[in-house]
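Generate the whole structure from the sequences, applying the supplied hints.
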Amino acid sequence: MEIPKSYNPEEAEPKWQKHWRDIGIHNFNHEDEDSSTYVIDTPPPYPSGEFHIGNALNWIYFDIVARYKRMTGHNVLFPQGWDCHGLPTEVQVEKQNNIRKDDVSREKFRELCVELTEKNISHMKNEMDSLGLSIDWSTEYRTMNPEYYGKTQLSFLKLFEDDLIYQGKHPVNWCPRCETAIADAEVEYEDKEGTLNYIEFEVVGEEDELIIATTRPELLPACVLVAVHPDDDKYSNYVGKELEVPIFNQTVKIVEDSEVDPEFGTGVVMICTYGDKADVEWAKRYDLPVIESINKKGELTEVAEEYAGLTVDEAKEKMIDDLDEEGLLEKQEPLEQNVGVCWRCKTPVEILTTDQWFMRVRDLNDRVVEEAKKIRWVPEHMRLRLIDWAKSMDWDWVISRQRIFATPIPIWYCSNCEEPIIASEDQLPVIPQQDDPPVDECPKCGNEEFEPEEDVLDTWMDSSITIAMHAGWPDLDPRLFPADLQPNGTDIIRTWDYYLLVRHLALLGEAPYNTVLINGMVFGEDGRKMSKSQGNFVETTKARERHGTDALRQWAAIGATPGSDVPFSWKEIDFGQRFLTKLWNAARFSASHISEEGPGMNLDNLELRPPDKWILSRLNNLVKESTELMNDFQFNHVLREIRTFVW
Numbered sequence: 158m159e160i161p162k163s164y165n166p167e168e169a170e171p172k173w174q175k176h177w178r179d180i181g182i183h184n185f186n187h188e189d190e191d192s193s194t195y196v197i198d199t200p201p202p203y204p205s206g207e208f209h210i211g212n213a214l215n216w217i218y219f220d221i222v223a224r225y226k227r228m229t230g231h232n233v234l235f236p237q238g239w240d241c242h243g244l245p246t247e248v249q250v251e252k253q254n255n256i257r258k259d260d261v262s263r264e265k266f267r268e269l270c271v272e273l274t275e276k277n278i279s280h281m282k283n284e285m286d287s288l289g290l291s292i293d294w295s296t297e298y299r300t301m302n303p304e305y306y307g308k309t310q311l312s313f314l315k316l317f318e319d320d321l322i323y324q325g326k327h328p329v330n331w332c333p334r335c336e337t338a339i340a341d342a343e344v345e346y347e348d349k350e351g352t353l354n355y356i357e358f359e360v361v362g363e364e365d366e367l368i369i370a371t372t373r374p375e376l377l378p379a380c381v382l383v384a385v386h387p388d389d390d391k392y393s394n395y396v397g398k399e400l401e402v403p404i405f406n407q408t409v410k411i412v413e414d415s416e417v418d419p420e421f422g423t424g425v426v427m428i429c430t431y432g433d434k435a436d437v438e439w440a441k442r443y444d445l446p447v448i449e450s451i452n453k454k455g456e457l458t459e460v461a462e463e464y465a466g467l468t469v470d471e472a473k474e475k476m477i478d479d480l481d482e483e484g485l486l487e488k489q490e491p492l493e494q495n496v497g498v499c500w501r502c503k504t505p506v507e508i509l510t511t512d513q514w515f516m517r518v519r520d521l522n523d524r525v526v527e528e529a530k531k532i533r534w535v536p537e538h539m540r541l542r543l544i545d546w547a548k549s550m551d552w553d554w555v556i557s558r559q560r561i562f563a564t565p566i567p568i569w570y571c572s573n574c575e576e577p578i579i580a581s582e583d584q585l586p587v588i589p590q591q592d593d594p595p596v597d598e599c600p601k602c603g604n605e606e607f608e609p610e611e612d613v614l615d616t617w618m619d620s621s622i623t624i625a626m627h628a629g630w631p632d633l634d635p636r637l638f639p640a641d642l643q644p645n646g647t648d649i650i651r652t653w654d655y656y657l658l659v660r661h662l663a664l665l666g667e668a669p670y671n672t673v674l675i676n677g678m679v680f681g682e683d684g685r686k687m688s689k690s691q692g693n694f695v696e697t698t699k700a701r702e703r704h705g706t707d708a709l710r711q712w713a714a715i716g717a718t719p720g721s722d723v724p725f726s727w728k729e730i731d732f733g734q735r736f737l738t739k740l741w742n743a744a745r746f747s748a749s750h751i752s753e754e755g756p757g758m759n760l761d762n763l764e765l766r767p768p769d770k771w772i773l774s775r776l777n778n779l780v781k782e783s784t785e786l787m788n789d790f791q792f793n794h795v796l797r798e799i800r801t802f803v804w
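Quick note, the sequence shown lines up with residues 158 to 804 if you use this note's numbering.
In case anyone wonders, no lab produced these hints; they're calculated from the structure.
It is possible that part of the hints are untrue.
No more than 20 Å apart at the CA atoms, straight line, and that leaves these computed lysine to aspartate or glutamate pairs for EDC-like [as the list claims (entries may be wrong)]: (1) Lys739 to Asp389; (2) Lys548 to Asp648; (3) Lys686 to Asp722; (4) Lys488 to Glu347; (5) Lys172 to Glu251; (6) Lys453 to Glu207; (7) Lys601 to Glu575; (8) Lys548 to Asp520; (9) Lys503 to Glu350; (10) Lys453 to Glu471; (11) Lys686 to Asp348; (12) Lys441 to Asp418; (13) Lys398 to Glu350; (14) Lys781 to Asp769; (15) Lys172 to Glu159; (16) Lys699 to Glu729; (17) Lys503 to Glu729; (18) Lys315 to Glu474; (19) Lys503 to Glu682; (20) Lys258 to Glu493; (21) Lys686 to Glu347; (22) Lys349 to Glu363; (23) Lys349 to Glu474; (24) Lys265 to Glu275; (25) Lys434 to Asp341; (26) Lys531 to Asp545; (27) Lys326 to Glu611; (28) Lys391 to Asp365; (29) Lys473 to Asp444; (30) Lys326 to Glu490; (31) Lys172 to Asp189; (32) Lys315 to Glu667; (33) Lys531 to Glu275; (34) Lys172 to Asp293; (35) Lys282 to Glu297; (36) Lys276 to Asp286; (37) Lys699 to Glu359; (38) Lys728 to Glu682; (39) Lys315 to Glu682.
Structure (structure tokens):
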């Protein structure tokens, strides 16, 4: 056997990748009912067009497990899909075409989104193939395709029938830039420099005033109550009195409330509808009127009088100037704030009261916590992230979005009495703007005209049924459900892991996965989280092209234990290449000492010298130790053991 002097990854990798695809070696064998199955539910990535180094780390982890399980005789399902819908694609389409979503028809805008998504998927698939991932591409799905979003709509119908989905008017997180409601899990928090403004409020009927410190003077028109702490003696004489709100002149009562922080500002809090979730709770507790002073575009409404039409920032600046001019601004102090922003566009989030669709997740969260405790987590402490998230939820999951590129909500409304008409199962998939409702007349009032639901579903409604989809839901293949492994990064525990669990519990009554494998984030060589803005970003293509895919895969395998962040290291990739050279040379040396016929399979009469017995004993121990480590997903230790053995 003749082996080339050196390994050429540029020649070998595409050759073998094509061969694997041609023979379907990685495809799940549906005809094999004898072998044990092993199902890996891979997270469907958003098709950004870039398969970044963090993605590479994740999928190499997944692939290591898939290849190991095939080696141990399992019939492995290693699927791949694409989480196509949602804000990121819409924002990119708007940016590339210099339009807003309402500038063109819904059909045209969706067409532009599909076009961009397909282009990005093609690019990302090429990069994934280049990483040698043993994905079963016959399972590929796109959440934007009717055969998939029809199942999302079916899940909506099922949960609606079980009273786990409802429509209501409720405070929600609202992104003024994207003009849509977003879930708690989609709100990120950033430290920002703000200003604490000390504003004078006059006591009604007295020549006295109270100073209230606030970072949001633009909410003065929505001020409906003032509160002090019951143990704050300096304000005890004011409780029950009324204050006049500066500029807008409405009167508000002063109450005692133990939730007030007496150490913040002056210890007096103005309660508005709404500045934050605390305001929502106070409004509910005291049955306060809701004054909507900010609209869906992030502009002040008519209740703000002369400030109407200004953006939040513009109104804040003008009100501060006016307060100062009237002598009502006592002082200002710099303040570092933790501000909630939209996860996609980073615009500060407002809390608005709007009509939305919700899923009753809080009714299910005790069960979520119970099941999370039974599931195997690697590492184990990551379980607490999901449990803590489930326990901390104040509101139900808002599942409707005011966008276009997403799964349509399968609902129409009677144009007369507004009775909702839900699609029938045999209609699915449906697009209410194009399709007719399942009835000719309203069952409530007899009217024959209907209006389609314009809102769409949160993209997590799509990706939270992936495990059921792989298993053929609604006709589940028991070999494929629940999934054996749920692998993903730390960043989506409170989203994907949570939504998968709560949705499958609601739909099927059982947890959808047995084991959760968590990997960390990729950091730059400078020790900071890798990002283009930090200047420490490394493209996957460049990392792979340096010494080939296997050197990059070794960096991913040896970088860190599960759950830990992984520092990118060119040095480790270089070392990986040297180890590959060592393996290659060992193979060339061995091949030169093996006859074409080989030694045969009968080794019973083979005389082993002490060095032979020693190396075989070492090999046997390596296999045993590596098997135990692989079962615990300790890839870094396995690679170190192999390197030690070979060196």
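- prompt: Are the Cα positions of Lys503 and Glu729 separated by 20 Å at most?
  reply: Between Lys503 and Glu729 the Cα gap is close to 35 Å, so the pair fails against 20 Å, i.e. violated.
message: For a C-alpha distance cap of 20 Å, please report whether Lys686 and Asp722 respect it.
response: holds (9 Å)
message: Next pair to validate is Lys434 with Asp341; report whether the Cα-Cα distance is within 20 Å.
response: holds (11 Å)
task: Please work out if Lys441 and Asp418 have their alpha carbons no farther apart than 20 Å.
output: holds (19 Å)
message: So if I understand the rule, the pair passes when the alpha-carbon distance is 20 Å or less; does Lys781 with Asp769 pass?
response: Holds, at roughly 18 Å.
task: Mind checking the alpha carbons of Lys398 and Glu350 for me, to see if they're no more than 20 Å apart?
output: Roughly 34 Å separates the two Cα atoms, so the pair is violated.
query: Given the hint that Lys282 pairs with Glu297, does the C-alpha gap stay at or below 20 Å?
result: holds (11 Å)
task: Quickly compare the C-alpha distance for Lys172 and Glu159 to 20 Å and report which way the hint goes.
output: The hint holds at about 18 Å.
Distance restraint between Lys531 and Glu275, which requires alpha-carbon spacing of 20 Å or less: violated (39 Å)
query: Given the hinted pair Lys453 and Glu207, is their alpha-carbon gap at most 20 Å?
result: violated (32 Å)
field: Satisfaction of hint between Glu667 and Lys315, Cα-Cα up to 20 Å
entry: holds (15 Å)
- prompt: Is it true that the CA of Lys531 sits at most 20 Å from the CA of Asp545?
  reply: Satisfied, since the Cα-Cα distance of roughly 15 Å is no more than 20 Å.
Consistency with the previously given hints fails for numbers 1, 4, 5, 6, 13, 17, 18, 19, 20, 22, 29, 30, 31, 33, 37, 39, ordered from lowest to highest.
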